[in-house]
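Visitor: Below are the chains, spelled out letter by letter.
Number of protein chains: 2
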Amino acid sequence: MKTQLDCLPCFLNMALNGIRKACPGQDDVHEKVIREWAKGFAEADLSESPPSIAGRFFRMTAVHIGDVDIFKDQKDEANKRVIELLPKISDTVHNSEDPLLAAMGVSIIGNYMDCALMDKFDWEVELEDLEQDIDRKLFADFMERVRAAKSLLILGDNAGEIGLDTIFAKLLRAEGINVTYAVRGSNILNDATVVDAEFVGMTDICEVVTSGVDTPGTVLNRCSVDFRERLKSAPVVLSKGQGNFESLWGVMPDVFYAFKVKCPVVARLTAHPMKTSLFCREN
Amino acid sequence: MKTQLDCLPCFLNMALNGIRKACPGQDDVHEKVIREWAKGFAEADLSESPPSIAGRFFRMTAVHIGDVDIFKDQKDEANKRVIELLPKISDTVHNSEDPLLAAMGVSIIGNYMDCALMDKFDWEVELEDLEQDIDRKLFADFMERVRAAKSLLILGDNAGEIGLDTIFAKLLRAEGINVTYAVRGSNILNDATVVDAEFVGMTDICEVVTSGVDTPGTVLNRCSVDFRERLKSAPVVLSKGQGNFESLWGVMPDVFYAFKVKCPVVARLTAHPMKTSLFCREN
Numbered sequence: 017m018k019t020q021l022d023c024l025p026c027f028l029n030m031a032l033n034g035i036r037k038a039c040p041g042q043d044d045v046h047e048k049v050i051r052e053w054a055k056g057f058a059e060a061d062l063s064e065s066p067p068s069i070a071g072r073f074f075r076m077t078a079v080h081i082g083d084v085d086i087f088k089d090q091k092d093e094a095n096k097r098v099i100e101l102l103p104k105i106s107d108t109v110h111n112s113e114d115p116l117l118a119a120m121g122v123s124i125i126g127n128y129m130d131c132a133l134m135d136k137f138d139w140e141v142e143l144e145d146l147e148q149d150i151d152r153k154l155f156a157d158f159m160e161r162v163r164a165a166k167s168l169l170i171l172g173d174n175a176g177e178i179g180l181d182t183i184f185a186k187l188l189r190a191e192g193i194n195v196t197y198a199v200r201g202s203n204i205l206n207d208a209t210v211v212d213a214e215f216v217g218m219t220d221i222c223e224v225v226t227s228g229v230d231t232p233g234t235v236l237n238r239c240s241v242d243f244r245e246r247l248k249s250a251p252v253v254l255s256k257g258q259g260n261f262e263s264l265w266g267v268m269p270d271v272f273y274a275f276k277v278k279c280p281v282v283a284r285l286t287a288h289p290m291k292t293s294l295f296c297r298e299n
Numbered sequence: 017m018k019t020q021l022d023c024l025p026c027f028l029n030m031a032l033n034g035i036r037k038a039c040p041g042q043d044d045v046h047e048k049v050i051r052e053w054a055k056g057f058a059e060a061d062l063s064e065s066p067p068s069i070a071g072r073f074f075r076m077t078a079v080h081i082g083d084v085d086i087f088k089d090q091k092d093e094a095n096k097r098v099i100e101l102l103p104k105i106s107d108t109v110h111n112s113e114d115p116l117l118a119a120m121g122v123s124i125i126g127n128y129m130d131c132a133l134m135d136k137f138d139w140e141v142e143l144e145d146l147e148q149d150i151d152r153k154l155f156a157d158f159m160e161r162v163r164a165a166k167s168l169l170i171l172g173d174n175a176g177e178i179g180l181d182t183i184f185a186k187l188l189r190a191e192g193i194n195v196t197y198a199v200r201g202s203n204i205l206n207d208a209t210v211v212d213a214e215f216v217g218m219t220d221i222c223e224v225v226t227s228g229v230d231t232p233g234t235v236l237n238r239c240s241v242d243f244r245e246r247l248k249s250a251p252v253v254l255s256k257g258q259g260n261f262e263s264l265w266g267v268m269p270d271v272f273y274a275f276k277v278k279c280p281v282v283a284r285l286t287a288h289p290m291k292t293s294l295f296c297r298e299n
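As they're listed, the protein sequences go chains P and F. Heads up, my numbering is the position in the first sequence plus 16, with the first residue counted as 1. Heads up, my numbering is the position in the second sequence plus 16, with the first residue counted as 1.
Isolated chain P (complex conformation) (with noise of 0.2 Å):
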């Protein structure tokens, strides 16, 4: 999708947060960081997708503050807090009537919730309101489609979230299908890399690749070449996230999405309000 107006105000604030944690205090950076972001709006080709733009622009910033992983502290708690609530998570999951539906409710409610939401969630709950959003359809040929090809590529998120995609990989994986679940190439926000995956476990269920791309979402000119490659040939990609649907959203065809709406822009485009859980695909 395109980068809208609207986004430009979010990027501000995302910059703000971003220079804000990575060097606390030091107000002239905060606001040379800002003023740089802002110039660079004025310019900035909107033809390219919001995390394309995001991406460039933290790049820009990296100047300013070196290769810091601005997010490690709440990615770490976010993936810490993730483990110890996944047995119980887990149980409900396998418990429910249809286990992969609500693995797959369970890796959306991930998408949203950042590690301090988490203990307010009462799970079982969420879970139903969950299942009723996804769209069972598409969701059972999703699935039909999977067990065809024995094979699926994931493109994860976040950090956090990616502990509760394991229990979606596990399920695929005890059927038999091929998983291989792709992180970031760098850290960028708050999204999860290889560190992540080691932490959740994620490497012991399935292999884990790179797309090599230092932006918040899968820009495919950010992949490195051997990513692209295994995205073209995979008979079935299922993408992560409100910056892996930015991406990739008119832009690539054939990939089904997992996500919760969680701006108005993207509101807008898909046609459902804010915080729907959305399983979909491009027509």
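Warning: the hint list may mix true and false statements.
Intra- or inter-copy, both count: the list cannot distinguish identical chains.
Unchecked claim - DSS-like mimics (lysine-lysine), calculated; alpha carbons at most 30 Å apart, straight line: (1) K104 with K166; (2) K88 with K104; (3) K278 with K55; (4) K104 with K37; (5) K37 with K18; (6) K55 with K37; (7) K291 with K278; (8) K153 with K166; (9) K55 with K186; (10) K278 with K48; (11) K276 with K291; (12) K18 with K48; (13) K55 with K18; (14) K291 with K37; (15) K278 with K37; (16) K186 with K104.
Hint data in this document are derived by calculation from the structure and do not stem from the laboratory.
Using the hints, position chain F against chain P.
Guide: For chain F alone, coordinates are given in the frame of chain P:
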């Protein structure tokens, strides 16, 4: 107060909202304006107050859209709705234990709500909460000074709100106090001008003057010479709304402020949480 980095994304949202209202569907104009604002951020003097910067940027925008009163419909609707509600609200104020304090409470609620919100308020409950918020000792000091001077200059803020301010103005007039009510000199956002003062009948209650400003707050160097004189010589000044607070706090001593805390920057500065009904003075 100075403009904070947090104000910039907020400005951008304000510009986007305004320009879309001013010329709906003209995406090329929207984009041009937003890019211009963003570029302006790169060079803005952040020691200026937020209303000063916002005013400057809206003047820049007028090149594209002319001297349009962007929020006219919204202001008319707010004024109309307030006039419909006034008899009931006025009764509540007059029947309360301390009508002047209640009128001040109503006046502050007026700063908070747009017309869409107005119908949802239970005014009596709301007033009870509000009066608890307001610093009664400071309000008593304020009234003592007003009564001693037999004079008050009120700096008005939004349309709609100005209708609710008539209750307070009437109560003061009934005590023989000479009230002057100042409105903006030009159309800016949903701020009250002479047109709104006439519409809600403020001109029948007290002298209405314009500050001359074309900014969403009483920015001193945008005031007319006459008004600056008036402001300087006024024995007591009551500043309504967050925009006037942003313009005058740290700039003009001895002003009484009455407004709802509406943004995190002002919440930090005043050390009062968002949504507080604040009646305060700079010490």
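Visitor: Each hint needs a verdict: does it hold in this structure or not?
Guide: Status of the hints after comparison with the structure:
1. K104 with K166: Answer is within; shortest intra-copy Cα gap is 28 Å, inter-copy 70 Å.
2. K88 with K104: within (26 Å within a copy, 56 Å between copies)
3. K278 with K55: both (26 Å within a copy, 27 Å between copies)
4. K104 with K37: neither (32 Å within a copy, 50 Å between copies)
5. K37 with K18: both (28 Å within a copy, 22 Å between copies)
6. K55 with K37: both (22 Å within a copy, 25 Å between copies)
7. K291 with K278: For K291 and K278, the Cα distance is within 30 Å both inside one copy (6 Å) and across copies (25 Å).
8. K153 with K166: Within one copy only: 20 Å inside, 74 Å across.
9. K55 with K186: Close neither inside one copy (46 Å) nor across copies (50 Å); limit 30 Å.
10. K278 with K48: both (29 Å within a copy, 27 Å between copies)
11. K276 with K291: both (6 Å within a copy, 29 Å between copies)
12. K18 with K48: Answer is both; intra-copy 27 Å and inter-copy 17 Å each pass.
13. K55 with K18: Both ways: K55 and K18 sit 19 Å apart in one copy and 21 Å across, limit 30 Å.
14. K291 with K37: both (26 Å within a copy, 26 Å between copies)
15. K278 with K37: both (22 Å within a copy, 24 Å between copies)
16. K186 with K104: within (15 Å within a copy, 64 Å between copies)
Hint compliance for this structure: hints 4 and 9 are broken, all remaining hints hold.
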